[in-house]
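Using the sequences provided together with the hints, build the complete structure.
These protein sequence lines are chains A and B, in that order.
For the first sequence, the numbering used here assigns the number 121 to the initial residue and increments by one for each residue that follows.
For the second sequence, the numbering used here assigns the number 297 to the initial residue and increments by one for each residue that follows.
Honestly, the hints are just simulated from the structure, not real lab data.
Remember, predicted model here, so these are calculated numbers, not experimental data.
Treat the hints with care, since some could be wrong.
Derived DSBU-like pairs: lysine-lysine, alpha-carbon spacing no greater than 35 Å straight-line [said to hold, decoys possible]:
1. A:K569 with A:K542
2. A:K503 with A:K149
3. B:K378 with A:K503
4. A:K384 with B:K378
5. A:K281 with A:K503
6. A:K503 with A:K569
Some chain A residues well away from chain B (every beta-carbon gap over 12 Å; in silico) [unchecked claim]:
7. T213
8. R243
9. G437
10. V521
11. R526
12. D589
13. R641
So, partial list: chain B residues that the calculated Cβ filter (under 7 Å) puts toward chain A [claimed, not checked]:
14. S417
15. L419
16. L437
17. P464
18. E470
19. R475
20. A478
21. P497
22. L498
Using N, Cα and C, we set each Cβ at its ideal position, and we do this for glycine too.
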Amino acid sequence: MSPLATEQLEGARERVRVFAQYDHAFEEKCDVVVVGSGPSGSVAAYELAAAGHDVILLEEGPPFTTRDFALDGNLSMTRTMREGGLRMTRGTTMPTMQAVALGGGSLVNSAICVRPPDSVFERWSSRYDLDRTDRANLDPHYDAIAEFLGIEPTPDAVQGKRNLLFREGCDALGIDSEPIARNVRNCRGSGECFTGCRNRAKQSMDVSYVPAVLAAGARVLTSVQVQEIRRSGRRVTGVSGQVVAPFSHGRASGRSHAFRIEAKAVVLAAGCTATPVLLQHSDDLANASGQVGRNLQFHPGVAVAGVFPEAIDSLFGATQGYQSLSFLDEGFKLETLWAPSPLLAIRFPGIGADLQARFAELPQIAIFDAIASANRSLGRVRKRFRSLEPVLEWRLHPDDVQILRRSLHVIAQIFFAAGARKILPGVGGIADVIHSVEDAAILDSSAVKPSGLVMGGNHVFCTTRMHGDPTRGVVDEDGRAHDLENLYIADTGIFPQCPSVNPMFTGMALARRQAQVLSERL
Amino acid sequence: MLTSLLLVVLVAGLAVFVHRRGFAGYAPAPAGLAVLHRGEAAFVQAVAEVLFPAGGAMALSGADAQLAQSVDRHLAALPEAKRFQIRLLFHFVEHVTLFLPEHEPGGRQRFSSLSAAARVSLLERLANHPRSVVRLLFTALRSVFVLAYLGHPENLHALDLAPFEIDPVVSDAEVLFPRVGALPGSIPHGPADRTEPVRTPLDPSGPRHPAYARAGRQERGEA
Ligand SMILES: Cc1cc2nc3c(=O)[nH]c(=O)nc-3n(C[C@H](O)[C@H](O)[C@H](O)COP(=O)(O)OP(=O)(O)OC[C@H]3O[C@@H](n4cnc5c(N)ncnc54)[C@H](O)[C@@H]3O)c2cc1C
Ligand code: SF4
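This is the structure:
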C-alpha cells in the first residue's frame, strides 16, 4: 500500500474520530460495524469498505503517533497493553499481552508473517469438519495481504549479529533456518518493534490498512468501548457502549458518553480474549454450543539468553529476524528475539552484584526463543462482574512440557554451535548458568519441572472456534455465528487449534475471506 | 473478667508493637511522588540498596538510581488493580519479618530497618523458597525493580543500550491522527509534510537518543 493521495488524506481525516472530539452521546447507522482494529478487524473492514459498503470500524484504544511512543518498555506497556502489560493466566501462571490501540497487536508486535504448513490445515479440516480451509483456498488471501503490506523476508543488512548468530548456529548443526518474512518496508534494524516503530517501517494496521479503510470511505471511531451486542431474534441489530479515555484501563471515571451503532451486520474482531467476554456480557450470545470462551489455547514461549565472548552490538538488528521451521512436526518453532533490554533482563537470575554482572553482559547477549504448539493445554475465558477484562484460566498439560524441554535443549545446542560462552536457560530449579553443550542436556530431562518453566503467551486462539458442526463450535467456516444470521467473528479466536506458527497472518487471511463472503450476502 | 482484661492488654501491646516496628518512624518520602507513601518509598530504597549494591558492575547503584521516583511513575500509570497488587506485595515483604524474623539480633524489624545482610538473606530466602508461589512473588517483586533500575537512562547509556537517535517519519498516520488526547486541530502535519521513510540501516555505533546521551554527559559531569 503506497501513501494516500493528498485528496484521499483530506477526506480520510474527516472520517476519524478521537477521544477529545466526543462531547455528547451519539447514534450512527451503517451497513457493517466492525469491532476491533487489530490485524483481523482492519483487514475485514477494508475488504468491506473497498467493496462499497458503508462501514464503521470501532476501536477502544487511541491512535498512536510516533511522538506518542514511549521508548521505555515499561511505560510503553502501561499505555499500549491491557492491564498495563501485567495480565496473567490463572492455573498455570503465565504472562500474556493484548494491545489496546488503533491497530491492535500489530502496533507492538514483531510483524512476523508466516503461513502455516499444509499439515495444520489438514488437521483442522479433518477434526473440525471444515472443507475449504486449506492452503489452496487461503493462498490467494495470503498473497493479497502480502502484497498490500509488503511482506518480505528480512534482509541481511538489518539482521544484525544477534540474528545472524542464530543462522550460524543452525548451519553448524545442519538445521534449516531462514530470514523471517515480516510486514515491514525499509526496516532500519532498530529492534524496537515492541514499543512502536519510529521509522514507520513496520506496516502496522494504523499506517497501512486503517488509512486504506478511511480512504475507502469508512468511518473509524477510536476510544470507544463496545459493551453490548444488540439482538432481535436470530439477528443482531448493532452494538452499544461508551467512550473511554485513553490509558484509563477500565476505570469508571474514564468512561463517558454512551453510543449506539445500528448495522445490517456485525463483525466482532475484538481479539481472542475480548470477543468471548463481549458475547457473554450480551446475554450469552451465540453460545448454543456452549463453546464460547472454551478451548482457550496459547502458543507458550520459552526463551534462552546466550552470552558470547565479545559484544555483538545487540541493540542493532530487526526485532525478530531469523527462524527455523524445522521442528514444527515436533511441536515447536524457533526464533530470534529482542525487546527493550530491561524487559529481557527481568528473567536473569540472582541478587546483588551477581545480578549486576549479568546486566553488564547484556551487550554480549542474544536471545533465542521457541513457541510450542501446546494443543493439549487448554483453558477458558470467563467474564468478570461488571468488567470487560477477562479471567483467563489455562493449564499447561504435562505432555506439552516435553515439547518445551526439547525446544530449550535445541536452542542451547544452537547457541553453543554459534560460539556462545554460556547460556542462561531461565528455568527455575536447575543451574542458573550452563557452560557447555554437554551440561545443556539437562534441559531435555525431567529436571525441568513445569513449575520451573518461565513462559510467555502472546499468541492466543480458539475461544470462539470455527467448526462445521454447530453443536461443537461457535462459528462456521465463513466466520458466521452458527446461531445468528448476521453476526461474524473475525479474530484469532476462530482458529480451531494452534496454527503452529505466528497467528497474525492467518487471522488476516481468514478475515479477508469471510469479509468477501459477507460482502456478497449484504 | 481477668482473662478479658489480660486479652485486651495483650492485643493493645501487640498493636503498639506492630505500629512502632511496622509503621512509625519512616523518613519523609522524596518530594513529588504520586502514589508511594513514605513507608513504601523507604521500602523501595531498602530493596534497591541490596538488589543493586554500590561497587557492582553497573554505572549506578540502586541507591543512586532514584528508584522511588521511577517505581512511583510506573505504579501511577498502571490500572488500579495491578497497582494495588504490587503495593500489597511491597507491604508483605516490608512486614513479613515482624512475624517471621531473620535469625540475627534485631531480625524482628520491618524490612527497611534490617541490616543490609539481613535484607539480602530475606530476599534469598524468598528467591529459593520451596513453594513456587513464593518464588513467583519474589520474581514479581524483583521485576518491578529491574525494570526501573535497568531502564534508568544512565545505566542504559553506560551499557551502550540506549535507543538509537531516529528522526521520526511523518507517515499517513501522523497526518491523520493527533497525539493521544489531543484534538485533530493540533495535528502539526499536512499531506505535504509527509517524509520518505529512511531506507538505510542504522549504524550499530551510531548516535543514541538525546535524552539518554544527556544522561551520559551528566554522568561524566559534562554540561
Ligand atoms: C508483544 C507481541 C508480539 C507479537 N508478535 C507477533 C508476530 O510477530 N507475529 C504474529 O503473527 N503475531 C504476533 N503477536 C500476536 C498478534 O499480535 C495477535 O495474534 C494479533 O494481533 C491478533 O489480531 P486480532 O485482530 O485477532 O486481535 P487484536 O490484535 O488483539 O485486536 C483486537 C482489537 O480490538 C480492540 N477491542 C477489544 N475489545 C474491544 C471493545 N470492547 N470495544 C472496542 N474495541 C475493542 C482491542 O483494543 C484491539 O485493538 C504478538 C503479540 C504481542 C502482544
Ligand atoms: S526493527 Fe525497528 S525499524 Fe525495523 S520494523 Fe522493527 S521497529 Fe521498525
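Structure-based check of all given hints:
1. A:K569 with A:K542: With Cα atoms ~22 Å apart, K569 of chain A and K542 of chain A stay inside 35 Å; holds.
2. A:K503 with A:K149: 28 Å, holds
3. B:K378 with A:K503: Since the Cα atoms of K378 of chain B and K503 of chain A sit roughly 18 Å apart, the hinted pair holds (cutoff 35 Å).
4. A:K384 with B:K378: Not satisfied, since the Cα-Cα distance of roughly 39 Å exceeds 35 Å.
5. A:K281 with A:K503: The hint is violated at about 45 Å.
6. A:K503 with A:K569: 31 Å, holds
7. T213: 6 Å, violated
8. R243: 34 Å, holds
9. G437: Its Cβ does come within 12 Å of chain B, the nearest being 8 Å, so this is violated.
10. V521: It holds; V521 of chain A is separated from chain B by about 14 Å at its closest Cβ, greater than 12 Å.
11. R526: Given a closest Cβ separation of 22 Å, the condition holds.
12. D589: 39 Å, holds
13. R641: 31 Å, holds
14. S417: 10 Å, violated
15. L419: 6 Å, holds
16. L437: 11 Å, violated
17. P464: 4 Å, holds
18. E470: 5 Å, holds
19. R475: 6 Å, holds
20. A478: 6 Å, holds
21. P497: Nearest chain A Cβ about 5 Å off; hint holds.
22. L498: Because about 5 Å separates L498 of chain B from the closest Cβ in chain A, which is inside the 7 Å limit, the hint holds.
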